[in-house]
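Enquirer: Each chain is listed here by its residues.
Protein chains: 2
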Amino acid sequence: MTSALLTDRYELTMLDAGLRDGTANRRSVFEVFTRKLPEGRRYGIVAGTGRFLEELKRFRFGEPELDWLRREEVVAPATIDWLADYRFSGDISGYREGEVYLPNSPLLVVESTFAEAVLLETLALSIFNYDSAVASAASRMVSAASGRPLAEMGSRRTGEWSAVAAARAAFIAGFGATSNLEAGRTWGVPTMGTAAHAFTLLYDTEEQAFQAQVEAMGPSTTLLVDTYDIPTAVETAVRVAGPELGSVRIDSGDLPSLVAQVRAKLDALGAPNTKITVTNDLDEYTIAALRAAPVDSFGVGTSVVTGSGHPASSMVFKLVAHEDARGEWVSVGKKSAEKATVGGRKFPVRARRNGFATEEIVKIGTDEVRGSERPLLVPLVTAGVVDERYTGPEGTLLAREHRAASVGELPASAFSLGRGEPVIPTRYE
Amino acid sequence: MTSALLTDRYELTMLDAGLRDGTANRRSVFEVFTRKLPEGRRYGIVAGTGRFLEELKRFRFGEPELDWLRREEVVAPATIDWLADYRFSGDISGYREGEVYLPNSPLLVVESTFAEAVLLETLALSIFNYDSAVASAASRMVSAASGRPLAEMGSRRTGEWSAVAAARAAFIAGFGATSNLEAGRTWGVPTMGTAAHAFTLLYDTEEQAFQAQVEAMGPSTTLLVDTYDIPTAVETAVRVAGPELGSVRIDSGDLPSLVAQVRAKLDALGAPNTKITVTNDLDEYTIAALRAAPVDSFGVGTSVVTGSGHPASSMVFKLVAHEDARGEWVSVGKKSAEKATVGGRKFPVRARRNGFATEEIVKIGTDEVRGSERPLLVPLVTAGVVDERYTGPEGTLLAREHRAASVGELPASAFSLGRGEPVIPTRYE
Numbered sequence: 001m002t003s004a005l006l007t008d009r010y011e012l013t014m015l016d017a018g019l020r021d022g023t024a025n026r027r028s029v030f031e032v033f034t035r036k037l038p039e040g041r042r043y044g045i046v047a048g049t050g051r052f053l054e055e056l057k058r059f060r061f062g063e064p065e066l067d068w069l070r071r072e073e074v075v076a077p078a079t080i081d082w083l084a085d086y087r088f089s090g091d092i093s094g095y096r097e098g099e100v101y102l103p104n105s106p107l108l109v110v111e112s113t114f115a116e117a118v119l120l121e122t123l124a125l126s127i128f129n130y131d132s133a134v135a136s137a138a139s140r141m142v143s144a145a146s147g148r149p150l151a152e153m154g155s156r157r158t159g160e161w162s163a164v165a166a167a168r169a170a171f172i173a174g175f176g177a178t179s180n181l182e183a184g185r186t187w188g189v190p191t192m193g194t195a196a197h198a199f200t201l202l203y204d205t206e207e208q209a210f211q212a213q214v215e216a217m218g219p220s221t222t223l224l225v226d227t228y229d230i231p232t233a234v235e236t237a238v239r240v241a242g243p244e245l246g247s248v249r250i251d252s253g254d255l256p257s258l259v260a261q262v263r264a265k266l267d268a269l270g271a272p273n274t275k276i277t278v279t280n281d282l283d284e285y286t287i288a289a290l291r292a293a294p295v296d297s298f299g300v301g302t303s304v305v306t307g308s309g310h311p312a313s314s315m316v317f318k319l320v321a322h323e324d325a326r327g328e329w330v331s332v333g334k335k336s337a338e339k340a341t342v343g344g345r346k347f348p349v350r351a352r353r354n355g356f357a358t359e360e361i362v363k364i365g366t367d368e369v370r371g372s373e374r375p376l377l378v379p380l381v382t383a384g385v386v387d388e389r390y391t392g393p394e395g396t397l398l399a400r401e402h403r404a405a406s407v408g409e410l411p412a413s414a415f416s417l418g419r420g421e422p423v424i425p426t427r428y429e
Numbered sequence: 001m002t003s004a005l006l007t008d009r010y011e012l013t014m015l016d017a018g019l020r021d022g023t024a025n026r027r028s029v030f031e032v033f034t035r036k037l038p039e040g041r042r043y044g045i046v047a048g049t050g051r052f053l054e055e056l057k058r059f060r061f062g063e064p065e066l067d068w069l070r071r072e073e074v075v076a077p078a079t080i081d082w083l084a085d086y087r088f089s090g091d092i093s094g095y096r097e098g099e100v101y102l103p104n105s106p107l108l109v110v111e112s113t114f115a116e117a118v119l120l121e122t123l124a125l126s127i128f129n130y131d132s133a134v135a136s137a138a139s140r141m142v143s144a145a146s147g148r149p150l151a152e153m154g155s156r157r158t159g160e161w162s163a164v165a166a167a168r169a170a171f172i173a174g175f176g177a178t179s180n181l182e183a184g185r186t187w188g189v190p191t192m193g194t195a196a197h198a199f200t201l202l203y204d205t206e207e208q209a210f211q212a213q214v215e216a217m218g219p220s221t222t223l224l225v226d227t228y229d230i231p232t233a234v235e236t237a238v239r240v241a242g243p244e245l246g247s248v249r250i251d252s253g254d255l256p257s258l259v260a261q262v263r264a265k266l267d268a269l270g271a272p273n274t275k276i277t278v279t280n281d282l283d284e285y286t287i288a289a290l291r292a293a294p295v296d297s298f299g300v301g302t303s304v305v306t307g308s309g310h311p312a313s314s315m316v317f318k319l320v321a322h323e324d325a326r327g328e329w330v331s332v333g334k335k336s337a338e339k340a341t342v343g344g345r346k347f348p349v350r351a352r353r354n355g356f357a358t359e360e361i362v363k364i365g366t367d368e369v370r371g372s373e374r375p376l377l378v379p380l381v382t383a384g385v386v387d388e389r390y391t392g393p394e395g396t397l398l399a400r401e402h403r404a405a406s407v408g409e410l411p412a413s414a415f416s417l418g419r420g421e422p423v424i425p426t427r428y429e
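Top to bottom, those sequences are chains A and B.
Quick note on numbering: my numbering labels position 154 of the first sequence as 154, and the sequence is numbered without any gaps.
Quick note on numbering: my numbering labels position 150 of the second sequence as 150, and the sequence is numbered without any gaps.
Just to be clear, a hint being listed does not mean it is correct.
No copy labels: a pair is met if it fits in one copy or bridges any two.
[To be verified] Calculated cross-link-like contacts (lysine-lysine; reagent style DSS-like; alpha-carbon spacing at most 30 Å):
#1 K265 - K335
#2 K335 - K275
#3 K363 - K335
#4 K57 - K335
To be clear, the hints were calculated from the coordinates, so they are not data collected in a lab.
Build out the structure end to end from the sequences listed, making use of the hints.
Expert: Following this line, the structure appears as structure tokens:
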């Protein structure tokens, strides 16, 4: 399936008008960045890079797409011919996937003709805005869980393909597994899950349901214990599976007190190694509130796939420089009202002291790197060729490792769940 | 591309355990409903039905999927064989797409064996939860706009395939167009859009950019006038396009006062027929706040594709009845804590008086229809065969018409933007 029509109509009409007089052939630089983080957030996590690179390879106008554009008269016939040959042939650099980003971080830089680059705006933003929203929220949950594992299980609370992207983004941010099978197949994210309430309700008794599950999956499975009465279910679970029962799952109720009761019950039943997993409408705040409770792992649904209150990062894709009629580079930026942008090609570095990030410095007109500054842009696409290290399951794993390293550089105030300013300031230089 | 792995792993492990002892072959009824509307909302709009029916036809486990499941040992070999032959052969009924729904409305009813139905849970919920969130928010915006046209342009603020679904859902809820080309191609939603700030910035002067656009698209195009100085841009726009200029677009600033100034300016320039479209971070509240302003149309992005604060409807897919070991039907429901469900097959009707809805009555154990009651379930799938009237662009248009009729039955209090209770009560009978 081509990704070429996952595009706003105006990208094509701009192309059409700009090709007509040749202006669209001017070399241009576009940057993706956000003017601000969601209210109160300390940092964001870049996600979507690997997906964007794969979609870029599929961004082709085939006969069915061209036919439709022709019939709808979206663009002139000459532009249809241009689109038929379209392959992105420029350069793209960007923050590593998994990198911490801050307001005004130029996290993707697209350099090519205006014509080639402008077509990618909608697709790039759809991917980066959603995936980064999920990864940014997930990263807070990972910190809140203080080392206890998290699984993403929110597929049912977002569009069916966004679900796959969300599973991947949460994994990059440090989640350990997902319920989503397609994310397992496509991106190599470990998958998990055993049974829902429907399974228990299908059987004539809870005991029969537990027996059926243990027979199919062995005693190390996770039994769901809140369909009827929790203490009774815990007893039944241990009776059926024995003390080797892997874990019990609780999906409702007042978790801090419930979890303590269930832990005591499991211990009393001689199942001290049986773990407790909780899955009841969790977010970073309720996870943090369970710090003192004997929870062994968390399953998170709605809140992670919807960015915990911020389902869209507010990233934009802006023209910052282009060649003029004489072939000279000019910096450009929208001047108006609250949406002004800073023109010119950027070179961002992260300044550090004693191993901790102190400042995001966005340099304009220089790419000099001083002392402990870490340059943030890496080449992703060179003359149209995608760097395959960043794609597929391997790229996803690399991004997960990079997120851990990048977050590891942040000062402790980054992990406060209270509202605050970005953890380090961004400065233009 | 198959939709079969857009599924939570536990659907397959439940299937596996239930097939092993035959219990998964019990005839079952599952229902999709929500326990509550988002805080303060008066009603919701069902969307996703047409998309679900099309994905159902693609819900097949091909060799690549079976291979992966086999390698990952997600289920036993016998279950792999069962999946290879899987075609949903049961019945599905539901609310018409575009229908108003309320808490506990059983908006989709799936009847088949447990095995066949349970596999559809994740996919059905992903689609209905997202599409209905968008349609429900969009419907409020349509009311707030009081008859002035709206275009959906939020593709960049949601996952790239969710963007297509959002365009379709907003159209069903009464939006007139979308920026998203794939939604135009696949679902027949009218597409719109002309140019972004980048286009103006690319040219050496704003005047040259406007000239290029008018040459390509004619004077009836929409010129974006807020890249530099708005009054100057409006003058330039009328000078370049003449008084036949179609419209000007404003994407920043304090809209109520700006729009009035621009209107006065256009009139003074002899362009009284040139329309004004605004696109600056709109939602139902800011649209309503522009009621007195001379705005001709609205473009809405982030807020509509993210459900205006509620990006996921909280719909669930619950087993409500099944045959027991003796082949007798039993009603079932989860008993625990705050998530209890009402068992039994439901028959919902909308009671009306003088043409206006007064009550949602969910009947259990009877399908008697009295006087002015409107039955709400229609057959969507019969013995595995999809009713094609509800699919494709035609189904989408039908849903749009049905939404208008269904919303037209609601009392005026439905359209208050203030927080309140569901507009009519739901009662079990």
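Enquirer: For each hint, tell me whether it holds in the structure or not.
Expert: Cross-check of the supplied hints:
Taking identical chains as interchangeable, the C-alpha atoms of K265 and K335 lie at most 30 Å apart only when they sit on different chains, with a minimum of 21 Å there against 65 Å within one chain. In this assembly of identical chains, K335 and K275 lie within 30 Å of each other by CA distance solely across copies; the values are 24 Å between and 57 Å within a copy. In this assembly of identical chains, K363 and K335 lie within 30 Å of each other by CA distance solely inside one copy; the values are 20 Å within and 60 Å between copies. With identical chains, the CA atoms of K57 and K335 are never at most 30 Å apart, being 34 Å at best within one copy and 50 Å at best between copies.
Against the hints set out earlier in the document, a violation occurs for number 4 only.
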